[in-house]
Amino acid sequence: MDEYGTSMRKSLLIGIGTLAIAIAWVWTAGSAEESGGSYGLGRRATDEEIRAWNIDVLPTGEGLPPGQGTVKQGAQVFATKCAACHGPTGTEGPKDRLVGGQNTLATSKPIKTIGSYWPYATTLYDFINRAMPFNAPGSLNSDEIYSVIAWLLFQNGIVKEDAVIDARTLPKIQLPNRNGFIPDPRPDVR
Amino acid sequence: MNEGSKIVTRRKFLQHSASAFAFGAAALALSATKAEELKPVDDPMRVPGVLPRPYGARSPFEKQTRLGGAGPGAPHGWGANAPNNYNSLTPLQDLQGIVTPSSLHFERHHNGVPQIDPSRHRLLLHGLVNQPTIFTLDDVKRLPSVSRLTFLECGGNSWDGWRSDAGDFTVQETHGLMSTSEWTGVKLSTLLEAVGVQRDATWMLAEGSDAAGLDRSVPLTDDVVQEAIICYGQNGEALRPEQGYPLRLLLPGYEGNINVKWLRRLKLGAAPFMTRWETAKYTDLMPDGKAYQFSLVMEAKSVITSPSGQQEIHPGFHEIRGLAWSGRGRVAKAEVSVDGGRTWQLAHLQDPILPKCHTRFRLPWRWNGQEAILQSRCTDETGYVQPTRQELVKVRGTNSIYHYNAIQSWRVERDGRVRNIYA
Numbered sequence: 001m002d003e004y005g006t007s008m009r010k011s012l013l014i015g016i017g018t019l020a021i022a023i024a025w026v027w028t029a030g031s032a033e034e035s036g037g038s039y040g041l042g043r044r045a046t047d048e049e050i051r052a053w054n055i056d057v058l059p060t061g062e063g064l065p066p067g068q069g070t071v072k073q074g075a076q077v078f079a080t081k082c083a084a085c086h087g088p089t090g091t092e093g094p095k096d097r098l099v100g101g102q103n104t105l106a107t108s109k110p111i112k113t114i115g116s117y118w119p120y121a122t123t124l125y126d127f128i129n130r131a132m133p134f135n136a137p138g139s140l141n142s143d144e145i146y147s148v149i150a151w152l153l154f155q156n157g158i159v160k161e162d163a164v165i166d167a168r169t170l171p172k173i174q175l176p177n178r179n180g181f182i183p184d185p186r187p188d189v190r
Numbered sequence: 001m002n003e004g005s006k007i008v009t010r011r012k013f014l015q016h017s018a019s020a021f022a023f024g025a026a027a028l029a030l031s032a033t034k035a036e037e038l039k040p041v042d043d044p045m046r047v048p049g050v051l052p053r054p055y056g057a058r059s060p061f062e063k064q065t066r067l068g069g070a071g072p073g074a075p076h077g078w079g080a081n082a083p084n085n086y087n088s089l090t091p092l093q094d095l096q097g098i099v100t101p102s103s104l105h106f107e108r109h110h111n112g113v114p115q116i117d118p119s120r121h122r123l124l125l126h127g128l129v130n131q132p133t134i135f136t137l138d139d140v141k142r143l144p145s146v147s148r149l150t151f152l153e154c155g156g157n158s159w160d161g162w163r164s165d166a167g168d169f170t171v172q173e174t175h176g177l178m179s180t181s182e183w184t185g186v187k188l189s190t191l192l193e194a195v196g197v198q199r200d201a202t203w204m205l206a207e208g209s210d211a212a213g214l215d216r217s218v219p220l221t222d223d224v225v226q227e228a229i230i231c232y233g234q235n236g237e238a239l240r241p242e243q244g245y246p247l248r249l250l251l252p253g254y255e256g257n258i259n260v261k262w263l264r265r266l267k268l269g270a271a272p273f274m275t276r277w278e279t280a281k282y283t284d285l286m287p288d289g290k291a292y293q294f295s296l297v298m299e300a301k302s303v304i305t306s307p308s309g310q311q312e313i314h315p316g317f318h319e320i321r322g323l324a325w326s327g328r329g330r331v332a333k334a335e336v337s338v339d340g341g342r343t344w345q346l347a348h349l350q351d352p353i354l355p356k357c358h359t360r361f362r363l364p365w366r367w368n369g370q371e372a373i374l375q376s377r378c379t380d381e382t383g384y385v386q387p388t389r390q391e392l393v394k395v396r397g398t399n400s401i402y403h404y405n406a407i408q409s410w411r412v413e414r415d416g417r418v419r420n421i422y423a
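Residue numbers (the numbering used here), protein chains in the order written: chain A, 1 to 190; chain B, 1 to 423.
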């Protein structure tokens, strides 16, 4: 992983150690009654079953399906499927503003959008695929999702108008606020 | 309707019996089926009461309800606002003790409450495990079980506290996105044992089967592995649909959002999955433009639930009542001030004082009719002291939306009206 992941890992070293101990403990405790700590409940998931449910998309791009989309196609998808809630240009609402707001995070009126706040472009695929459009989640195909991502990134000034978004190009896109997050430092108020 | 018709059937049977008593009792059972129309009798000692009912309901005289909410700055309530509501708030001012009745547990969902047939629900564990496994609900229920009382608080509870002006709010509006239940289920460690965890697994994606497909990354720290529960029980019965029926994740002390409801999948991985919920939302924006991420623990907090916002009190005796809690462990003490924080008195803590659970505190008080500013302050077993609003805002500014845990101030005005203020 990146710097952030590394530092999170460091902070988790103790947790991992304890996890190992915890599992070893449970394993030992369980083995007195159940061989291998198994309760004989549940059944092995088949690869096909896992594929059907395994819809998450990681920052590495793992989980992104085949397909592709362009800014031009995305404009059409957005106008028909998204604009009613997010406004014609992704700035008007009434629901979450998606475009603009860069350089506002440290002001008294921060505008949090994909372009100003989101750290990972891959998250767009994960979220749109599972949750959008709000009234018909899961109804967009992968070409439509890649397209609408292309349009949103273009509107935010992150890709050029001729960009093609797919499983190869999306993880390579660096969003402006990629380094805007720090691991929880609390307790921070004394 | 089914219940009603069953009773009628039994009533017909009873009417065939020669017993005048059975006949009279059956007539009363009819009225019991219309509990909302019950009228008080002049003398309850002179009229036989109603018969047992299949599923109980509170007295028709009790009217406390959840309050609909639509986010920071939006009006609360049902009525015309209802279509905009995506949460509901617990009426803390009306509740006793620490347990929240399931019907009044706060709600926050991200695309409605799914209606799930438990016989078709499955939980998949996969990713960095030795044996990817599918569990039915019956499988989960047969595994060794645990029960635990814990609070659940939305990361955005008290978000109006970040506003520059103190609205004229009730405690339901300021703190109602939290509740306490007894939760029952199987420990995460039991499930992990069953599937075998691989060495690199340090994070776990939890995913719900609602229309939002809500997904969150859970760090597999010692706290999480030891304490997390995959729940199917709430206050002795099945989870309510609003609380994740038939399965939810419970992470004691962590912000509500990560306690994924309608749980269908747990995937172990070597890094956080960086979902929308833990990047674009549920991160705390600081004044310098950076944001805290994976700020999961709900820090120590307390609030006086009575007297509280919009109530009216009269001079004389009052018991100051409130709740204290900490996502890091037990409440060590709760203090109360009636003079805006100049002096503090130790409040009595009601047993049980459980880790990561609401604790009820009380302090007797005689109001003399002069203006008073009531506050409470929680210290948890780690020594952490609940901050004032000033201290909190000094560090975090006012744009972080989540995790507002400052001392709450209620001003008792000379006419007895209680008002939310910043002191």
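No lab work stands behind these hints: they were computed from the structure. Note that CB positions come from ideal geometry on N, CA and C, so glycine has one too. Wrong hints could be hidden among the right ones.
[To be verified] Calculated pairs, PhoX-like style, for lysine-lysine (alpha carbon to alpha carbon, straight line, at most 25 Å):
#1 B:K394 x B:K281
#2 B:K39 x B:K63
#3 A:K95 x A:K72
#4 B:K281 x A:K172
#5 B:K187 x A:K95
#6 A:K160 x A:K72
#7 B:K39 x A:K109
#8 A:K160 x A:K172
#9 A:K172 x B:K187
#10 A:K95 x B:K281
#11 B:K290 x B:K394
#12 A:K72 x A:K172
#13 B:K281 x A:K81
#14 A:K109 x B:K187
#15 A:K81 x A:K160
#16 A:K95 x A:K109
#17 B:K141 x B:K187
#18 A:K95 x A:K81
#19 B:K394 x A:K109
[Said to hold, decoys possible] Here are some, though not all, of the chain B residues that point toward chain A, as calculated from beta-carbon distances under 8 Å:
#20 V41
#21 I134
#22 L137
#23 T279
#24 G289
#25 V297
#26 N368
#27 G369
#28 Q370
#29 E371
[What the hints assert, rightly or not] Residues of chain A placed beyond 10 Å of chain B at every Cβ, according to the derived structure:
#30 P66
#31 G67
#32 Q68
#33 K72
#34 Q76
#35 A79
#36 P88
#37 G157
#38 V164
#39 T169
#40 P185
Item checked: Hint numbers contradicted by this structure -> Per hint list: 5, 7, 9, 14, 20, 22, 26, 27, 28, 29 and 40 violated.
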